[in-house]
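*Asks:* The residues making up each chain are set out below.
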Amino acid sequence: MSGTRYKRGQALMLTGELVTLRPVTTADLPLLYDLMRDPATWLSASDKPLWPIPFAAFKEMYAKRAADEEAEFSIEADGVLVGRCALFGFDVLSRNATLGISLIEQQRGKGYGRDAVGVLLDYGFNKRNLHRIHLDVLAGNTPAIRSYLSSGFVEEGRLRDAAYVAGGFDDLVVMSMLRTEWLARL
Amino acid sequence: MLVDGDLTLRPVTEEDLPARYAWTVDAQTHLIADSRPLLPITWERYLERSAGRPSSPDNELYTIEVDGRRVGHCQLTLFDHLARSAMVGITLAPGERGRHVGRRSVRLLVDHGFRDRGLHRVWLGTSSDNIAGQRADRAVGFVQETLEREQSWVDGRYVDEMRMSILRHEWDAVQTRASADADG
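In order, the protein sequences belong to chains A and B.
Read the first sequence against the numbering used here and you will find it ends at 540, with the numbers running on by one and no gaps.
Read the second sequence against the numbering used here and you will find it ends at 237, with the numbers running on by one and no gaps.
Keep in mind that the hints were calculated from the coordinates and are not lab data.
Treat the hints with care, as some may be off.
[To be verified] Now the stretches of chain B that chain A is said to cover, found in silico as 3 or more residues with beta-carbon under 8 Å: (1) 135 to 142; (2) 171 to 183; (3) 198 to 206.
[What the hints assert, rightly or not] Okay, the calculated beta carbon distance ranges per label pair: (4) B:Ala192 - A:Lys402: 31 to 39 Å; (5) B:Glu101 - A:Leu447: 16 to 24 Å; (6) A:Phe523 - B:Arg122: 34 to 42 Å; (7) A:Thr496 - B:Pro147: 41 to 49 Å; (8) B:Ile184 - A:Leu366: 41 to 49 Å; (9) A:Ala394 - B:Pro110: 29 to 37 Å.
[What the hints assert, rightly or not] Chain A stretches covered by chain B per the calculated footprint, using a threshold of three residues with CB under 8 Å from any CB of chain B: (10) 384 to 392; (11) 435 to 444; (12) 447 to 453; (13) 480 to 488.
Glycine included, each C-beta is placed from N, C-alpha and C at the ideal position.
The shape of chain B in the complex, shown without the other chains (with noise of 0.2 Å):
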């Protein structure tokens, strides 16, 4: 559990999985929080495909809660051991979105990835035009790479990607920050 006061990461459970599965079929969080093409997928089907990509030390999937609330769901998957990288996703519900609940959430992951992961870099991708995104993203610390013009069709056009990412010394310097501002 990685907790931050009234903010938990916690293992997923079954009783997550039809609320994954309504942010999943619901057309405007799927644009967001999933790259693969949007599917009439069955509840039956559904159900198949999450128990073939379960929670791993290489894929580790998360619900979010505010108060005991589920709110969303966070990972830190696609961990190179070699380059000891691993990126961040996360899906807030509708209605969820604004509340400084993403970027806690993310806080958490990256800090987890460095100090419990031993990570070197942690990244993430997203659409260009996610602005309220890309500004969490920017307050955790996150800096963009790159611009991939182009990459993505969404709803009817092609959108450009972007890369992010954060370096454990980055990380590192923003703990400080952080502390300084607390005993000062």
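Here chain A stands alone, though its shape is the one from the complex (with noise of 0.2 Å):
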């Protein structure tokens, strides 16, 4: 399903069907800036509330996430940029993380998602030797909802009014796969 590409001199390339993941270099940035100050996705990306973050506060994030060894990645399908996703939040004790992904609102719908998490699960538990990988969800984003499980996820629950987005509250769906559970989907 997934491969990795690891040339001399080259960067870390984690492939999947339709996708690529790959380091976030400094020219995708304009773009995640956009992606990001989308509202319908401000929540998957950060845990503050949306404020008119300036582009130079945006690399700063990255750069912090960069030092803190999360391991975010840019999704590019055919070439072009059409997302970010990361595992991030290691427990090295309890040896799990958390997954989260955001797509350009023109490329949502292709697969894209469903295969790069795909690939991620694959990262997260055969390279980063993971027992467990957690999300949490809109309970509102179905389709979503609707790709986690299809990609092998269960639902363990819902922290009720838990987030506030677009003047009311929600619940968020939490969602993990155990390292058991994936090696039987192969």
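Each of the two chains sits in its own frame; use the hints to bring them together as a complex.
*Replies:* Have a look at this one:
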């Protein structure tokens, strides 16, 4: 399903069927900046309320993620940047991490998200020896929930009114996949 | 200060630190109270670490006293100012469990969170095998929301974690019932 190309002098590339995950470059930042400021995806990319984040602060945020050794990737399809995804919040004792992904609006519904999630799962379990990968997603984001379920994630419950988005409270759906479940799908 | 009869939640002081250090390095208390790995941490390092996480409006730290005797500590922390939520945490000294000090302290924190901090939701996380803790949390009015499988490595095995919460309207209903019971 996915593989690793890693040549001398070349950045880490993780490939799926449709997408390639690669390091975030400076050239990606303007488009990723626009993606983050989309109110529909803000919450999936930030733990702060929607605010007019300046480009300089956005760049600092990415620099900090790199410094913290979060696994932040740009997603490319047919040579075009289509979004970003990450594993972050690594717990080295319990061997788990959180998965996050945001796609540029025009690139949704093409299977890129599901393919990228598959590549990230392979990276997390195979390359990073994780035991569990989890995420939370807005209950109102049914396309994402459907996609995560089809990737093999299991719903573990709902954090009631845990998010405030677009004028009201919404639940956060907690989902996870265990290493054993991932292996059983291969 | 949050007070319920003989029970008081008061601000932490420097005099509390040796007792807090003792609970932190006690393996049994640690496993219940701390999600970080158990470390051979020195007193000096503990002081440095505590200084880095002082009590603040976003990290309310309390010492729990019963009749003036220090029995544990608790906190209201991880404030989300957008969704108006915060997390409750509590640690009781070994030997102080099983006497409802925990649930009475959590009640005080929950009431303070809704009444003084304008919260919409108060939540907590607990290990699924902490049956006594869950019973106490349910008695306060917390509702189980998740069962997070094999989330934590504790003493040689994976354990499930759960998150529980109480919403403002649920706490209001608990209060109304309590005052009706008192009147009736």
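*Asks:* Compare the structure with each hint and give your call.
*Replies:* To see whether the hints hold, each was checked on the structure:
1. Given a C-beta distance limit of less than 8 Å, the hint that chain A covers the segment 135 to 142 of chain B holds, as 4 residues qualify and 3 suffice.
2. Interface restraint, the segment 171 to 183 of chain B with chain A: holds (3 residues with C-beta to C-beta distance below 8 Å; minimum three).
3. Under a criterion of three residues with beta carbons nearer than 8 Å to beta carbons of chain A, the stated coverage of the segment 198 to 206 of chain B is upheld, 9 such residues being counted.
4. At about 35 Å, the CB distance of B:Ala192 to A:Lys402 agrees with the hint of 31 to 39 Å.
5. Between B:Glu101 and A:Leu447 the Cβ separation comes to about 21 Å, which falls inside the hinted range of 16 to 24 Å.
6. As the Cβ distance of A:Phe523 to B:Arg122 is approximately 41 Å, the hint placing it in 34 to 42 Å holds.
7. One distance hint, 41 to 49 Å for the beta-carbon pair A:Thr496 and B:Pro147, holds here, with the actual separation near 47 Å.
8. For B:Ile184 and A:Leu366, the hinted distance range of 41 to 49 Å is satisfied, since their beta carbons lie about 45 Å from each other.
9. At about 31 Å, the beta-carbon gap between A:Ala394 and B:Pro110 stays in the expected band of 29 to 37 Å.
10. Counting residues of the segment 384 to 392 of chain A whose beta carbon lies closer than 8 Å to any beta carbon of chain B gives 0, which falls short of the minimum of three for the stated coverage.
11. Coverage of the segment 435 to 444 of chain A by chain B is violated [criterion: at least 3 residues with CB-CB distance below 8 Å; count 0].
12. Counting residues of the segment 447 to 453 of chain A whose beta carbon lies closer than 8 Å to any beta carbon of chain B gives 4, which meets the minimum of three for the stated coverage.
13. Under the rule that three or more residues need a Cβ within less than 8 Å of chain B, the assignment of the segment 480 to 488 of chain A holds, with 3 such residues.
The structure fails hints 10 and 11 (numbered hints given earlier, in ascending order).
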